[in-house]
Amino acid sequence: MLTRRNFTTLAAITAAGFAADSRYTVGVTTNTLGGWEKDVFLSFREAREVGYHHVESFIHYFVKDYYDNPAALQKKIDEIGVKFTTISNGGPLETHFEDPSKHEKLLADHMRLGRFIKHFGCTHLKINLGPRRPTGTTAEDLAHMARSCDALGGQLKAIGIRLAIHAHMWSQFENRREIDYMMEHTAPANVGFVLDTGHITMAGIDPVELTRTLGHRIAEFHMKDTAPENRGGAKSRIDRPDMMKNPPFFPLGHGGVDFPAIKAHLDRIQWRGFLTVELDSSPFRPPKESARISLNYLRKNLKVS
Numbered sequence: 296m297l298t299r300r301n302f303t304t305l306a307a308i309t310a311a312g313f314a315a316d317s318r319y320t321v322g323v324t325t326n327t328l329g330g331w332e333k334d335v336f337l338s339f340r341e342a343r344e345v346g347y348h349h350v351e352s353f354i355h356y357f358v359k360d361y362y363d364n365p366a367a368l369q370k371k372i373d374e375i376g377v378k379f380t381t382i383s384n385g386g387p388l389e390t391h392f393e394d395p396s397k398h399e400k401l402l403a404d405h406m407r408l409g410r411f412i413k414h415f416g417c418t419h420l421k422i423n424l425g426p427r428r429p430t431g432t433t434a435e436d437l438a439h440m441a442r443s444c445d446a447l448g449g450q451l452k453a454i455g456i457r458l459a460i461h462a463h464m465w466s467q468f469e470n471r472r473e474i475d476y477m478m479e480h481t482a483p484a485n486v487g488f489v490l491d492t493g494h495i496t497m498a499g500i501d502p503v504e505l506t507r508t509l510g511h512r513i514a515e516f517h518m519k520d521t522a523p524e525n526r527g528g529a530k531s532r533i534d535r536p537d538m539m540k541n542p543p544f545f546p547l548g549h550g551g552v553d554f555p556a557i558k559a560h561l562d563r564i565q566w567r568g569f570l571t572v573e574l575d576s577s578p579f580r581p582p583k584e585s586a587r588i589s590l591n592y593l594r595k596n597l598k599v600s
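Just so you know, we're using the working numbering here: the sequence shown kicks off at 296 and counts up by one.
Here are the in silico distance ranges between beta carbons for each label pair: (1) 539 x 396: 35 to 43 Å; (2) 334 x 579: 18 to 26 Å; (3) 472 x 394: 14 to 22 Å; (4) 453 x 396: 19 to 27 Å; (5) 578 x 416: 32 to 40 Å; (6) 512 x 403: 24 to 32 Å.
Dumping the calculated DSSO-like pairs for lysine-lysine here, alpha-carbon to alpha-carbon at most 27 Å: (7) 530 x 540; (8) 378 x 598; (9) 413 x 400; (10) 413 x 371; (11) 583 x 333; (12) 400 x 452; (13) 583 x 598.
Quick caveat, the hints were computed from the structure, so don't treat them as lab data.
None of the values given here were measured: they were computed from a predicted structure.
Beta carbons are placed, not taken as given, at the ideal position from N, Cα and C, and that holds for glycine.
Between the sequences and the hints, there should be enough to build the whole structure, so can you do that?
Written as structure tokens, this is what we have:
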């Protein structure tokens with residue numbers, strides 16, 4: 296017999312189960328070289344066929360036809376059956392965060408992008424911090440980068456968007472020195488972090504340790520694997536390779552990243568956020584199949600549905 300007390304208990308159990316399940320939102324970045332990079336809507340359709348409900352992309356795909364008409368883009372993704380995790384910056388936006396002469400345009404460009412992604416229900420803006428100069432990132436560069444990111448994050452916060460900066464090999468924001476500085480010199484309320492398991496590993500950092508260090512400062516994970524010998528952090532830095540001939544990143548389960556340890560810590564601290572599968576290139580199989588391998592790993596090995 297379903298009494299009021301039994302119904303309340305059942306509802307509580309159901310709610311608790313749903314909350315546990317919904318802590319992780321799984322998505323996929325779909326600009327994968329090898330078949331997805333030229334047709335963004337094909338990539339969305341094939342990702343949906345594999346089983347992804349959220350996709351992440353870059354603004355350059357949408358500037359021409361949709362930047363002034365977000366309703367038309369909403370109609371397109373509704374027809375495919377996906378939602379945006381976020382839409383990243385990049386060309387043609389200003390991305391030289393280290394250059395104070397660019398900051399006024401940089402803030403204007405990124406606030407426009409923040410307002411654009413808000414149309415689609417996005418809650419965070421993942422950004423890259425520009426191409427790395429041959430001389431690397433100086434202390435002065437870092438000071439300018441922190442100042443501009445903190446200002447941008449404060450303005451985005453006012454419209455309900457969390458800024459999340461992405462450490463990326465071969466960019467102005469790459470290694471542990473740069474990560475530590477940016478995290479120490481920006482307000483947690485203004486600036487979050489995207490932990491890319493592949494780029495972090497190839498920068499010589501253990502992504503498990505960084506997950507434990509940054510905790511709830513992390514807004515999103517980019518989930519990619521590396522070669523097994525790089526586990527715990529690559530021993531030496533590599534220059535940007537040919538991604539189709541000599542890829543440093545692989546679908547999940549290749550052995551270079553300890554994903555179960557990362558997931559165990561996230562469970563322990565009750566972290567909420569986005570687990571976004573990403574693969575820069577897929578030279579050995581169609582991108583759709585690489586995306587399927589990673590999704591199956593998330594389901595079977597990490598028990599993320």
